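Student: So the chains spell out like this:
Number of protein chains: 2
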Amino acid sequence: MNTAKNNGQAKGRNNNDKHEKIMRAAIKVFAKNGFHNSKISQIAKEAGVADGTIYLYFKNKDDILIKVFEERLGEINAMLNDQLNRLDNPVDELRFCIRGYLELFANNRALAEVIAVELRQSHKFMREYVPAKFAEYLNIISRVIREGKDKGVFRDNLLPGVIKRALFGALDELMVYLVMTTAPKYAIDTLVDQCSELFLRGLSA
Amino acid sequence: MNTAKNNGQAKGRNNNDKHEKIMRAAIKVFAKNGFHNSKISQIAKEAGVADGTIYLYFKNKDDILIKVFEERLGEINAMLNDQLNRLDNPVDELRFCIRGYLELFANNRALAEVIAVELRQSHKFMREYVPAKFAEYLNIISRVIREGKDKGVFRDNLLPGVIKRALFGALDELMVYLVMTTAPKYAIDTLVDQCSELFLRGLSA
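Protein chains in written order, with this note's numbering: chain W, -9 to 195; chain S, -9 to 195.
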């Protein structure tokens, strides 16, 4: 194409807009109807695009669902990396990882519902997906734990590869509790405080 | 029916045998083919019963899957209750809860795979199932935590309703790691030790 550079940039932005619009629409539709009952045509309608447009950006319904997970988790990772660079001690850093995960989902119920419930119903996701961004997320946690060990703040006999999974499992279960319970007994601040104190005392040297 | 008591018992046992046989067959078939691709006829063949026999015991495929979860978790609960009564301190009790969960699944890979992967793909399970045995399991953990608080072994400001979920989430994630990783880097004893020390120090008064 003989478009000028500016035109190319505008087109790139336009593409990103549509990609993002379709993702946001899909989160709403999946959360409302469930993944299996959702139709591409409903997502297209919600996004205000033609059905065929969806296939310019995504291979199929599973692909949209997996990209929702990957891209949102990629955003959490970027946000965590950015914030963790500003904090100078592993205690505050771990606390931030805990609060960040729970707050993100508490502030975006539809996304939380899609990740807590619908994502796990995708056979493709459970069996075939190689979770690149998820591994990256876990490694941010293990980096904080390793840093804490190096600084003598956390115990020396801790295995970051085990602890990162235990912490993620705890956070994920609390997220599911927050999202799936009709009137949760515990507020998000309580969950963050209990979980932070539990893990920080558990890791403490 | 005018069957004598003994006959009734024999029939009851026979029913239980078939029920159990079908469940065991289903675990194998689900783990091998995945829940969505499994057919009632495959389960019947594996169990050595006629297709129609399955429907005498279960409503449908979702019903078999959910009963596998409920009944196996019921067995874990019974085993935990039995053992916890013999232990006399909350530290050993919590350690036993952690080892019990991980060992059960490590010793039964097909069951673990069905619960870790296939169960979550059932829309019925994720959306409609009221998890009675799961709630019972969580309450065994919170009872141990409450006992520890009462005895002054665990911190006073702990909320057992939050901690039980954090611990379950951690255990479940470690179980998924054990089952879904081709050559896990960490042995089950390492996972049990790391997780026990993390939580016991985290809860400690």
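In case anyone wonders, no lab produced these hints; they're calculated from the structure. Since we're looking at a predicted model, the values are computed, not measured. Be aware that one or more of the hints could be misleading.
One copy or two, either will do: identical chains are not told apart, so a pair holds if it fits within one copy or between any two.
DSS-like, lysine-lysine: derived pairs with alpha carbons at most 30 Å apart [to be verified]:
id, residue 1, residue 2
1, Lys139, Lys175
2, Lys29, Lys11
3, Lys175, Lys49
4, Lys22, Lys57
5, Lys175, Lys57
6, Lys22, Lys8
7, Lys49, Lys141
8, Lys175, Lys51
9, Lys22, Lys51
10, Lys123, Lys8
11, Lys49, Lys139
12, Lys139, Lys57
13, Lys141, Lys18
14, Lys141, Lys11
15, Lys57, Lys141
16, Lys141, Lys175
17, Lys29, Lys139
18, Lys11, Lys139
19, Lys57, Lys11
20, Lys18, Lys49
21, Lys139, Lys8
22, Lys22, Lys141
Student: The structure should be examined with respect to each hint, and the outcome stated for every one.
Tutor: Structure-based check of each hint:
1. Lys139 x Lys175: between (35 Å within a copy, 20 Å between copies)
2. Lys29 x Lys11: Cα proximity of Lys29 and Lys11: one copy only (16 Å, versus 39 Å across).
3. Lys175 x Lys49: neither (41 Å within a copy, 35 Å between copies)
4. Lys22 x Lys57: both (18 Å within a copy, 27 Å between copies)
5. Lys175 x Lys57: Close across copies (29 Å), not inside one copy (32 Å); limit 30 Å.
6. Lys22 x Lys8: within (21 Å within a copy, 40 Å between copies)
7. Lys49 x Lys141: neither (47 Å within a copy, 58 Å between copies)
8. Lys175 x Lys51: neither (35 Å within a copy, 34 Å between copies)
9. Lys22 x Lys51: Close inside one copy (15 Å) and across copies (25 Å); limit 30 Å.
10. Lys123 x Lys8: within (22 Å within a copy, 45 Å between copies)
11. Lys49 x Lys139: neither (44 Å within a copy, 53 Å between copies)
12. Lys139 x Lys57: The answer is neither: 34 Å in one copy and 44 Å across copies each exceed 30 Å.
13. Lys141 x Lys18: neither (44 Å within a copy, 48 Å between copies)
14. Lys141 x Lys11: neither (44 Å within a copy, 55 Å between copies)
15. Lys57 x Lys141: Classified as neither; 37 Å inside a copy, 49 Å across copies.
16. Lys141 x Lys175: between (37 Å within a copy, 25 Å between copies)
17. Lys29 x Lys139: Neither, since 49 Å and 51 Å both go past 30 Å.
18. Lys11 x Lys139: Answer is neither: 43 Å inside a copy and 50 Å across each miss the 30 Å cutoff.
19. Lys57 x Lys11: Only inside one copy: Lys57 and Lys11 sit 13 Å apart there, 41 Å across copies, limit 30 Å.
20. Lys18 x Lys49: Classified as within; 19 Å inside a copy, 32 Å across copies.
21. Lys139 x Lys8: Neither. Shortest intra-copy (45 Å) and inter-copy (54 Å) distances fail the 30 Å Cα cut-off.
22. Lys22 x Lys141: For Lys22 and Lys141, the Cα distance exceeds 30 Å both inside one copy (47 Å) and across copies (47 Å).
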